[in-house]
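Q: Residues per chain are reported as follows:
There are 2 protein chains.
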Amino acid sequence: MGNAQLVNGQTTQTQEGEVDRPSSLLAVFGKDQPLRLDCGIDLAPFQIAYQTYGTLNAERSNAILVCHALTGDQHVANVHPVTGKQGWWTTLVGPGLALDTERYFIICANVIGGCMGSTGPASTNPDTGKPWGLDFPVVTIPDMVRAQAMLIDRLGIETLFAVVGGSMGGMQVLQWCVAYPKRVFSALPIACSTRHSAQNIAFHELGRQAVMADPDWQQGRYFERGTHPHRGLGVARMAAHITYLSDAALHRKFGRRMQDRDLPTFSFDADFQVESYLRHQGSSFVERFDANSYLYLTRAMDYFDVAADHDGVLASAFRGTGTRFCVVSFTSDWLFPTSESRATVHALNAGGARVSFAEIETDRGHDAFLLDVPEFIDIAHAFLQSAATARGLTPPGT
Amino acid sequence: MGNAQLVNGQTTQTQEGEVDRPSSLLAVFGKDQPLRLDCGIDLAPFQIAYQTYGTLNAERSNAILVCHALTGDQHVANVHPVTGKQGWWTTLVGPGLALDTERYFIICANVIGGCMGSTGPASTNPDTGKPWGLDFPVVTIPDMVRAQAMLIDRLGIETLFAVVGGSMGGMQVLQWCVAYPKRVFSALPIACSTRHSAQNIAFHELGRQAVMADPDWQQGRYFERGTHPHRGLGVARMAAHITYLSDAALHRKFGRRMQDRDLPTFSFDADFQVESYLRHQGSSFVERFDANSYLYLTRAMDYFDVAADHDGVLASAFRGTGTRFCVVSFTSDWLFPTSESRATVHALNAGGARVSFAEIETDRGHDAFLLDVPEFIDIAHAFLQSAATARGLTPPGT
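Chains as they are written, first to last, in our numbering: chain X, 383 to 780; chain L, 383 to 780.
Honestly, the hints are just simulated from the structure, not real lab data.
It cannot be assumed that every hint is accurate.
The list treats identical chains as interchangeable, and a pair is accepted whether it falls inside one copy or across any two copies.
To be verified - Okay, derived cross-link-like pairs now, SDA-like style, lysine to any residue, Cα gap no bigger than 25 Å in a straight line:
1) K512 - D651
2) K635 - R724
3) K635 - D687
4) K413 - P777
5) K564 - P719
6) K413 - G515
7) K635 - P719
8) K635 - T720
9) K413 - R773
10) K413 - A690
11) K467 - R661
12) K635 - A689
13) K512 - F650
14) K413 - A440
15) K635 - H692
16) K512 - L752
17) K564 - Q767
18) K467 - G774
19) K512 - D598
20) K635 - W716
21) K564 - D598
22) K564 - S738
23) K635 - Q415
24) K564 - V695
25) K467 - T720
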């Protein structure tokens, strides 16, 4: 537990303190167990930081892997060691919830390239003793999943009962089903796509350019130089945050309401509530996220294209799969619109998969998967219940 | 013609050279003719740079005012003095075109707050001899229109045959009709709204924060410090540019195609064409636009809210108007969606206005108003023809 600080009587960590010695379980892979990356490099040694909830049953058949989104991490359902806030998916993960911690053994690992304990650009490069920075190899969604499979191997689990995730997490879910179809009994990919659209690549490139435009980024060597590109990363976060909400949600939440005033100031202060909100989103994010990780993870999403690895035919990627799928989209999500999920469903159908599809009516945009949206939560619950029955998992308390 | 440079045998100007002594006609207003601003300040002296095309008829009844968009200027239909490119609306303005320069007298003025010769933050503050920078008062869309009305007075024109513009230009068109209903015979507001949405304010705030995050912005004093926030302004432009196109247009134009390569480089180079395109948009923009002007003009758009000045009742703003309106929107415009134009039309109807409404089917997004979209061009042409007949304007050649 490095870099602990005592603030207001509570122990808090900095994000930098989490990089090499995280407040999580750690799976370390030595030089003899490299992670083979899509770019052709073997990464070794490397480590994966992960959290677990619940208990693995004797048959090792009740494990659910939760895959986190771009700016998420492994702290799904516990207090976050840096922010002190509740986990990011307490609407779905907990006793009696859809991902019932009394019934399932739930695992969530920080992705490779992340900054909360799994090896990434902020980690110490063993060859230099300094942070990797841009010397870290570019990783892909398949690389993340390959690393997760090595973790699952180490935990002695052959088949995951379910793989679940939204956004970049959903991409990992789909990649699991493509790469390890026999190891995934059921899959719940939410608000995602089998490939990143041109518009999404554009928004990511905007974010990367904002980070790299900050002179304090120092070509990625900000740790050694004692700087931090917090302005650029804040701008990147603001841009991303707009895409996570819908026009309707922004209108309902803020409209044109002023912040603590009735009349405009005729200045560049944050007159409107939405301005103040975005500035807050930008500045709070930089405290808990590494700027280089942001570059790497957005890049991984941009590169993701399942069909491209299957001669352009998406259905081929899923042909003959035995996994049960439930694909979920949200009507007001314009980052991963329903049309993308529908394309995934069509490919799954064409590949002969067992698939159900739910388009949830909500005005809350892409972020809906993180929010208390009852219809979505009910569907996730029902899908996993049904899959659990098919898998022969005993309900808790019986 | 200040700051002239000879490049490849062509005389080109820099944008900075256009600020005080533009390559345009100039209307100068002295200390005795202040521009009364919404913020309560009287701006004097000030100047307006403008271009005209065609000839004012003896009755002074054939004048059309074109209002430019956020990053547009007065160079509608002539070679641009800085970029050397054709004017920004040659699809619509020229001999025999919808805004027929053989029939109408067409005026376009750089807005107050702009950077192409009308007084703005880059202009020399007469009290200090230095650029205004952030000492320039915050201006509004009504301020821009008030300044234009002073120009129209000076040109001896009582009633404009038409006021025409898209995006921020369309906001000015609507404001003309609200502020000077008797002086506007016909109005063509395109791809705009009577108020800026929360999402649009959010995107503008993002752009402003990108500019202000650049250390070279120097609190707006970059001219004196010999710096220029080109990185921040470039990022702001990239963000804005994404909003000007539709997801479909980006997909059609770029998809996931790579730039001059077949395989990913596994780096942060511009692998995808859309990345390369955005970087180009960002870097070319900073050559022709002033960063502080960008702050002021986005702010003016954010503040725009016609209903707010009429007790929240939009229809009141247009009650009893005699102006003929043609409101135009584009199906794939998500910055100013059709629903916004429809709300304007409803208010115009409720106010008793004579109004027609055209929603143009196109996948080209907000930028469609600047592009060769035949259905739009035909509708603009027909509307102005019909208005000209009603106005008793003789067709050319008769």
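Q: Give a verdict on every hint.
A: We went through each hint and held it up to the structure:
1. K512 - D651: Between copies, since 24 Å is at most 25 Å while 40 Å is not.
2. K635 - R724: between (29 Å within a copy, 23 Å between copies)
3. K635 - D687: For K635 and D687, only the inter-copy Cα distance (18 Å) is at most 25 Å; the intra-copy one is 34 Å.
4. K413 - P777: Neither, since 42 Å and 84 Å both go past 25 Å.
5. K564 - P719: Cα proximity of K564 and P719: none, with 29 Å in one copy and 46 Å across.
6. K413 - G515: For K413 and G515, the Cα distance is within 25 Å only inside one copy (20 Å; across copies 58 Å).
7. K635 - P719: Result: close both inside a copy and across copies, 21 Å intra and 19 Å inter.
8. K635 - T720: both (23 Å within a copy, 22 Å between copies)
9. K413 - R773: neither (37 Å within a copy, 84 Å between copies)
10. K413 - A690: neither (31 Å within a copy, 66 Å between copies)
11. K467 - R661: within (19 Å within a copy, 37 Å between copies)
12. K635 - A689: Between copies only: 20 Å across chains, 38 Å inside a chain, cut-off 25 Å.
13. K512 - F650: between (40 Å within a copy, 21 Å between copies)
14. K413 - A440: neither (32 Å within a copy, 88 Å between copies)
15. K635 - H692: between (43 Å within a copy, 24 Å between copies)
16. K512 - L752: Classified as neither; 35 Å inside a copy, 51 Å across copies.
17. K564 - Q767: within (20 Å within a copy, 69 Å between copies)
18. K467 - G774: This pair counts as neither: shortest intra-copy Cα distance 36 Å, inter-copy 70 Å.
19. K512 - D598: within (18 Å within a copy, 30 Å between copies)
20. K635 - W716: both (17 Å within a copy, 19 Å between copies)
21. K564 - D598: neither (46 Å within a copy, 55 Å between copies)
22. K564 - S738: within (19 Å within a copy, 61 Å between copies)
23. K635 - Q415: neither (49 Å within a copy, 43 Å between copies)
24. K564 - V695: within (21 Å within a copy, 62 Å between copies)
25. K467 - T720: neither (31 Å within a copy, 40 Å between copies)
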